[in-house]
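Trainee: Sequence:
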Amino acid sequence: MKSMDATRVGKPVWAMAACVAACFVACADPVWVDAITEPIKDITMAFPVIGVVGARPLEEGASVKQGQVVIELDKRLEELEVRRRKLACDLAKIELDRLKNLAQRNAISVSREEIDKKQAEYDIAVVELELAQETVRRRQLLSPIDGYVAEFFKDVGEKCEEQQPVVRLVDTKQCYCVANVEARLAPRIKPAGQFKIEIDTGAGVVSRRGTVSYISPVADPASGLLKIKLTFDNSDGAVRPGLAARLILSE
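Add 2 to the 1-based position in the sequence shown for the working numbering, that's all there is to it.
These are calculated hints, taken from the structure and not from any lab test.
Computed from a predicted model, the values in this text were never measured in an experiment.
Mixed in with the good hints there might be a few duds.
What the hints assert, rightly or not - Using 27 Å as the maximum straight-line C-alpha spacing, the simulated DSSO-like pairs for lysine-lysine come out as follows:
1. Lys88 x Lys102
2. Lys67 x Lys175
3. Lys88 x Lys120
4. Lys119 x Lys156
5. Lys198 x Lys156
6. Lys77 x Lys229
7. Lys175 x Lys231
8. Lys175 x Lys229
9. Lys102 x Lys120
10. Lys119 x Lys102
11. Lys43 x Lys231
12. Lys156 x Lys192
13. Lys161 x Lys192
14. Lys77 x Lys88
15. Lys231 x Lys102
16. Lys119 x Lys88
17. Lys175 x Lys192
18. Lys77 x Lys192
19. Lys67 x Lys156
20. Lys175 x Lys198
21. Lys95 x Lys67
22. Lys198 x Lys231
23. Lys43 x Lys67
24. Lys95 x Lys192
25. Lys198 x Lys67
26. Lys156 x Lys43
27. Lys77 x Lys161
28. Lys67 x Lys77
29. Lys229 x Lys102
What the hints assert, rightly or not - Between beta-carbon pairs, the in silico distance windows are:
30. Phe155 x Thr233: 42 to 50 Å
31. Ile250 x Gly56: 44 to 52 Å
32. Arg170 x Ser218: 48 to 56 Å
33. Asp44 x Arg186: 57 to 65 Å
From the three backbone atoms N, C-alpha and C, an ideal C-beta is built for every residue, glycine too.
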């Protein structure tokens with residue numbers, strides 16, 4: 003009788019121990035996934051108008067601040083047009099103010115229609131000046147980010163077509179680790195989850211902690227793989243985006 007009781011007690015204990023051991027093995031069995039690194043921002047810019055490249059104030063590889071001029075088309079004629087429109091605007095304002103002053107002093111008989119006409123002429127001159135200024139702005143490309151000039155596609159003096167790529171800018175202070183994983187691994191990956199990333203820089207292996215920022219809602223029907231992205235800090239510039247990486251997926 004004693005023996006049977008021992009057997010009954012021992013079985014659940016053994017089963018529980020086996021279950022814990024199995025879980026421990028599963029948790030200790032990470033999966034290594036090949037990945038690629040990318041800059042968090044990678045922007046190719048183009049002019050909305052046709053023209054000839056007039057200036058490139060920055061060199062490839064140079065750092066750039068948001069709002070800084072990166073490249074511009076020749077804009078001498080457009081700048082002259084701005085000056086002409088500014089003079090016309092100033093003259094229209096002077097004539098409007100003079101007519102209003104004369105009317106206030108009753109120096110001459112001035113009808114409301116005459117004042118309205120001068121006001122309209124001034125308003126039109128202001129709009130034409132703004133249009134001329136916008137024409138100049140459209141011949142300059144300003145950086146939308148703090149980052150680096152990765153590549154120029156046009157040199158000074160070359161013709162540039164409308165919407166033709168002329169410069170590529172990147173922000174490498176943060177990067178993506180992009181991987182395609184088997185759908186069976188999806189339960190391990192949660193939004194904002196963190197995993198270890200290893201990048202071979204050539205000078206050694208750099209480790210980073212990445213945070214899941216994107217999980218594709220669908221798997222690729224041909225391969226059955228799921229695309230994911232993790233963001234990681236690269237403010238020290240140790241990782242050059244484009245290098246291969248390994249993503250370590252653990253439970």
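Trainee: Each of the hints needs a verdict: does it hold here or not?
Mentor: Hint check:
At most 27 Å may separate the alpha-carbon atoms for a hinted pair to count; lysine 88 and lysine 102 meet this at roughly 21 Å. Of the supplied pair hints, the one linking lysine 67 and lysine 175 holds, its CA atoms being roughly 13 Å apart against a limit of 27 Å. As the CA atoms of lysine 88 and lysine 120 are separated by approximately 16 Å, the hinted pair is consistent with the 27 Å bound. Between lysine 119 and lysine 156 the alpha-carbon distance is near 48 Å, which puts this suggested pair outside the 27 Å criterion.
For the hint pairing lysine 198 with lysine 156, the CA-to-CA distance comes to about 40 Å; that exceeds 27 Å, so the pair is violated. With a C-alpha separation of about 45 Å, the suggested pairing of lysine 77 with lysine 229 is violated against the 27 Å cut-off. At roughly 16 Å between alpha-carbon atoms, lysine 175 and lysine 231 fall within 27 Å of each other, so this suggested pair holds. A hinted pair counts as satisfied when its Cα atoms are at most 27 Å apart, and lysine 175 with lysine 229 qualifies at roughly 22 Å.
Pair hint lysine 102 plus lysine 120 holds up; C-alpha atoms about 10 Å apart against a cutoff of 27 Å. Pair hint lysine 119 plus lysine 102 holds up; C-alpha atoms about 12 Å apart against a cutoff of 27 Å. Using a Cα cut-off of 27 Å, the hinted pair lysine 43 and lysine 231 holds, with the two alpha carbons roughly 13 Å apart. Our distance criterion of 27 Å between C-alpha atoms is broken by lysine 156 and lysine 192, whose separation comes to about 43 Å.
Simply put, lysine 161 and lysine 192 have alpha-carbon atoms about 49 Å apart, too far for the 27 Å limit, and the pair is violated. Between lysine 77 and lysine 88 the alpha-carbon distance is near 16 Å, which keeps this suggested pair within the 27 Å criterion. With a C-alpha separation of about 65 Å, the suggested pair lysine 231 and lysine 102 falls outside the 27 Å cut-off, and the hint is violated. Restraint check for lysine 119 and lysine 88: satisfied, since their Cα atoms lie roughly 19 Å apart, inside the 27 Å limit.
Straight-line distance between C-alpha atoms of lysine 175 and lysine 192 comes to about 24 Å, which keeps the hinted pair within the 27 Å bound. This hinted pair does not check out: lysine 77 and lysine 192 have alpha carbons roughly 51 Å apart, beyond 27 Å. With a C-alpha separation of about 21 Å, the suggested pairing of lysine 67 with lysine 156 holds against the 27 Å cut-off. For the suggested pair lysine 175 and lysine 198, the alpha carbons sit about 18 Å apart, so the restraint of at most 27 Å is met.
Under the criterion of a C-alpha separation no larger than 27 Å, the hint pairing lysine 95 with lysine 67 is inconsistent with the structure, at around 38 Å. This hinted pair checks out: lysine 198 and lysine 231 have alpha carbons roughly 13 Å apart, not beyond 27 Å. The hinted pair formed by lysine 43 and lysine 67 meets the criterion: a straight-line CA distance of about 14 Å does not exceed 27 Å. A hinted pair counts as satisfied when its Cα atoms are at most 27 Å apart, and lysine 95 with lysine 192 does not qualify at roughly 63 Å.
Distance check on the hinted pair: lysine 198 and lysine 67 sit about 31 Å apart at the alpha-carbon level, beyond 27 Å; violated. With a C-alpha separation of about 21 Å, the suggested pairing of lysine 156 with lysine 43 holds against the 27 Å cut-off. This hinted pair checks out: lysine 77 and lysine 161 have alpha carbons roughly 13 Å apart, not beyond 27 Å. Proximity of lysine 67 to lysine 77 is assessed by CA-CA distance (about 22 Å); at most 27 Å being required, the pair is judged to hold.
At most 27 Å may separate the alpha-carbon atoms for a hinted pair to count; lysine 229 and lysine 102 exceed this at roughly 69 Å. The hinted range of 42 to 50 Å is not satisfied by phenylalanine 155 and threonine 233, whose Cβ atoms lie roughly 28 Å apart. Checked against the given bound of 44 to 52 Å, the beta carbons of isoleucine 250 and glycine 56, roughly 50 Å apart, stay inside it. Taken as a hint, the range 48 to 56 Å is violated for the pair arginine 170 and serine 218, whose Cβ atoms sit roughly 25 Å apart.
Take aspartate 44 and arginine 186: their Cβ atoms lie about 31 Å apart, and the range 57 to 65 Å is violated.
In the structure shown, a violation is registered for the earlier hints numbered 4, 5, 6, 12, 13, 15, 18, 21, 24, 25, 29, 30, 32, 33, in ascending order.
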